[in-house]
Amino acid sequence: MVGKSVRRSDSTPSLGARLVVAAPYLWLVGFFLAPFLIVLKISLSETAIAQPPYTPVLDLAAGWQGIRDFLAGLSLSNYITISGDDLYVFSYLKSLKIAALSTAALLLCGVPLAYGMARAPRPVRPLLVMLVVLPFWTSFLIRVYAWVNILQRDGLLNKTLLWLGLIDQPATWLATDTAIYIGIIYSYLPFMVLPLYASFEKLDHTLLEAAADLGCPRWKTFFVVTLPLALPGVGAGALLCFIPIVGEFVIPDLLGGSDTTMIGQTLWTEFFANKDWPVASAVAVVLLVLLMAPIAVYQHLQTRGIDGERR
Amino acid sequence: MTRISSTNVVAIALGLAFLYAPIAILVIYSFNASRLVTVWGGWSMRWYAALLDDRAMIDAALASLGVAAASAALATVLGTMAALALTRFRFRGRLPFAAMIYAPLVMPEVITGLSLLLLFVAVDLDRGFLTVILAHTTLTMCFVAIIVQSRLAGFDRSLEEAAMDLGCPPGRTFLVVTLPLIMPAVTAGFLLAFSLSLDDLVVASFTTGPGATTLPIRIYSEVRLGVKPEINAVCTIFIAVVATAVVAASLIEKSRRERRPAPPA
Numbered sequence: 002m003v004g005k006s007v008r009r010s011d012s013t014p015s016l017g018a019r020l021v022v023a024a025p026y027l028w029l030v031g032f033f034l035a036p037f038l039i040v041l042k043i044s045l046s047e048t049a050i051a052q053p054p055y056t057p058v059l060d061l062a063a064g065w066q067g068i069r070d071f072l073a074g075l076s077l078s079n080y081i082t083i084s085g086d087d088l089y090v091f092s093y094l095k096s097l098k099i100a101a102l103s104t105a106a107l108l109l110c111g112v113p114l115a116y117g118m119a120r121a122p123r124p125v126r127p128l129l130v131m132l133v134v135l136p137f138w139t140s141f142l143i144r145v146y147a148w149v150n151i152l153q154r155d156g157l158l159n160k161t162l163l164w165l166g167l168i169d170q171p172a173t174w175l176a177t178d179t180a181i182y183i184g185i186i187y188s189y190l191p192f193m194v195l196p197l198y199a200s201f202e203k204l205d206h207t208l209l210e211a212a213a214d215l216g217c218p219r220w221k222t223f224f225v226v227t228l229p230l231a232l233p234g235v236g237a238g239a240l241l242c243f244i245p246i247v248g249e250f251v252i253p254d255l256l257g258g259s260d261t262t263m264i265g266q267t268l269w270t271e272f273f274a275n276k277d278w279p280v281a282s283a284v285a286v287v288l289l290v291l292l293m294a295p296i297a298v299y300q301h302l303q304t305r306g307i308d309g310e311r312r
Numbered sequence: 034m035t036r037i038s039s040t041n042v043v044a045i046a047l048g049l050a051f052l053y054a055p056i057a058i059l060v061i062y063s064f065n066a067s068r069l070v071t072v073w074g075g076w077s078m079r080w081y082a083a084l085l086d087d088r089a090m091i092d093a094a095l096a097s098l099g100v101a102a103a104s105a106a107l108a109t110v111l112g113t114m115a116a117l118a119l120t121r122f123r124f125r126g127r128l129p130f131a132a133m134i135y136a137p138l139v140m141p142e143v144i145t146g147l148s149l150l151l152l153f154v155a156v157d158l159d160r161g162f163l164t165v166i167l168a169h170t171t172l173t174m175c176f177v178a179i180i181v182q183s184r185l186a187g188f189d190r191s192l193e194e195a196a197m198d199l200g201c202p203p204g205r206t207f208l209v210v211t212l213p214l215i216m217p218a219v220t221a222g223f224l225l226a227f228s229l230s231l232d233d234l235v236v237a238s239f240t241t242g243p244g245a246t247t248l249p250i251r252i253y254s255e256v257r258l259g260v261k262p263e264i265n266a267v268c269t270i271f272i273a274v275v276a277t278a279v280v281a282a283s284l285i286e287k288s289r290r291e292r293r294p295a296p297p298a
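Keeping their order, the protein sequence lines are chains A and B. Sequential numbering of the first sequence, starting at 2, is according to the numbering used here. Sequential numbering of the second sequence, starting at 34, is according to the numbering used here.
Hint data in this document are derived by calculation from the structure and do not stem from the laboratory. One thing to keep in mind: the hints can contain errors.
Some but not every residue of chain B turned toward chain A, in silico, with C-beta under 10 Å [as the list claims (entries may be wrong)]:
{"hint": "1", "residue": "V43"}
{"hint": "2", "residue": "A118"}
{"hint": "3", "residue": "I134"}
{"hint": "4", "residue": "L138"}
{"hint": "5", "residue": "I144"}
{"hint": "6", "residue": "A155"}
{"hint": "7", "residue": "A168"}
{"hint": "8", "residue": "C175"}
{"hint": "9", "residue": "L199"}
{"hint": "10", "residue": "L231"}
{"hint": "11", "residue": "T246"}
{"hint": "12", "residue": "S288"}
What follows is a set of in silico ranges between Cβ atoms, one per label pair, in the way DEER data are often shown [stated by the list, open to error]:
{"hint": "13", "chain 1": "B", "residue 1": "G242", "chain 2": "A", "residue 2": "S78", "range": "24 to 32 Å"}
{"hint": "14", "chain 1": "A", "residue 1": "A101", "chain 2": "B", "residue 2": "L128", "range": "27 to 35 Å"}
{"hint": "15", "chain 1": "B", "residue 1": "A54", "chain 2": "A", "residue 2": "L291", "range": "28 to 36 Å"}
{"hint": "16", "chain 1": "B", "residue 1": "V274", "chain 2": "A", "residue 2": "D260", "range": "31 to 39 Å"}
Pulled from the structure, derived: some chain B residues nowhere near chain A, Cβ distances all over 12 Å [stated by the list, open to error]:
{"hint": "17", "residue": "P55"}
{"hint": "18", "residue": "R79"}
{"hint": "19", "residue": "A83"}
{"hint": "20", "residue": "L84"}
{"hint": "21", "residue": "D92"}
{"hint": "22", "residue": "A106"}
{"hint": "23", "residue": "P203"}
{"hint": "24", "residue": "V209"}
{"hint": "25", "residue": "A245"}
Ideal Cβ placement from N, Cα and C applies to all residues, glycine included.
From just these sequences and the hints, can you work out the full model?
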């Protein structure tokens with residue numbers, strides 16, 4: 002797996018150089034890749050009242066017979082359960098819909114903010130970046146919880162709206178889809194703004210000046226010059242939000258209603274409340290398969306980034 | 034382009050207001066004297082005083098700090114190695130390696146949490162603080178790797194080459210030349226790993242065992258039951274600590290940069 006690590010300047014890799022490659026490599030194979038194979042295996046098992054709570058268990062001590070028994074015990078029953086039950090199907094569709102709509106909303110909020118930051122006077126830009134990043138450093142859980150304060154029935158949002166006379170009786174915000182969207186947009190905004198800002202900032206201003214000299218109105222320049230050039234940043238930002246939002250747990254759990262169940266909550270319930278590890282694993286495998294394509298595109302955008310920077 | 038248009042000012046102002054208003058409201062209400070979280074009863078420190086008696090919360094906070102320190106230290110070492118591997122070495126399997134560095138950043142936490150838990154069960158490792166540390170290290174080393182890698186990519190190799198031409202062995206060159214130059218990125222990576230670990234609810238919930246409660250798990254179990262003034266106070270302390278650390282780190286970084294001649298663009 003780990004091949005010869007070759008320093009570019011000389012061809013005999015030292016022990017230190019091998020270690021630098023091997024240690025993180027093996028760590029990720031052991032703690033990131035291998036666990037997925039275990040999830041796959043357990044998703045093909047059946048629930049059992051035992052420790053661990055699934056069957057069959059691979060018994061290597063029994064030799065070939067053990068492996069044969071193990072393979073014979075595997076079944077697709079969990080996948081059949083998932084595909085046949087509306088609860089799971091709706092949960093996946095709901096999560097994809099919420100992720101798609103909130104990514105679009107994040108782009109609508111993120112583009113003006115990132116563009117404004119990139120066009121701000123150069124000395125203020127690092128300060129603006131820090132101000133956008135700072136909330137991201139404070140706890141995600143706390144930031145979602147802060148909205149529970151605001152959105153509850155006698156919370157500040159209703160008080161403000163009543164005071165302004167926009168509504169005559171308190172509206173329900175908490176435990177609705179609107180609350181989930183607000184929570185997601187709020188939590189993921191920095192993830193959207195930073196890649197967008199990076200690509201707007203790198204933009205060659207002579208191109209914008211050329212467009213202006215040729216009489217192109219500013220709004221049109223933005224759509225025909227700026228946005229197409231910033232497309233890699235837009236793509237990176239959108240995927241950096243979309244993929245984790247599909248599997249989001251904390252936001253829908255704290256802000257959403259009991260009737261909106263995103264797939265992350267379904268998995269959580271299967272695991273913690275129902276103690277059904279095989280079904281939880283099958284839910285995870287299907288979620289991973291659904292996200293495979295966006296993850297591949299994201300990987301492509303990112304690794305192209307590394308090699309582009311290497312020069 | 035020195036003047037900024039008014040639309041841009043409005044966009045920035047609205048964006049920042051949206052990002053900061055909820056946090057500001059939370060902080061203000063943590064000083065509310067009233068037990069009713071929605072009624073303002075004047076300024077008071079009573080919820081902070083109440084926290085001092087909440088043994089379970091203090092224990093969870095201390096446990097979280099320990100887990101965060103251990104996992105961030107491990108993640109910083111592994112992440113820096115990974116960044117060096119990506120930028121300095123050509124080896125077979127480099128692309129899958131890069132993929133494994135980038136994937137955890139977007140992987141939904143429920144999947145990472147579940148898969149790590151099943152691994153720990155499969156190898157029969159007792160669940161507790163150790164398993165949470167291992168899980169957080171895996172998750173956060175990738176963030177460290179990406180921060181350090183971007184610093185290494187825009188780095189003047191001639192200094193390292195000069196040291197090696199003068200007979201400095203590669204390991205020593207790394208310690209005396211490379212490491213001091215990438216130190217700001219390594220520090221930033223450590224802080225990010227620390228704060229991500231301190232903040233994590235989902236992965237910790239999956240990988241922890243009986244008796245090993247971290248602060249987010251504790252806060253979550255309280256928050257599910259509704260808003261409580263004590264929780265506002267805990268959150269305010271949390272925000273104050275993190276904000277101080279981040280601002281301090283960026284000021285140190287700024288003063289270091291100003292003492293050095295500006296690097297060529």
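>> For a quick check of understanding: which of the numbered hints are violated here, in increasing order?
In response: Hints 9, 11, 12, 17 and 23 contradicted; others consistent.
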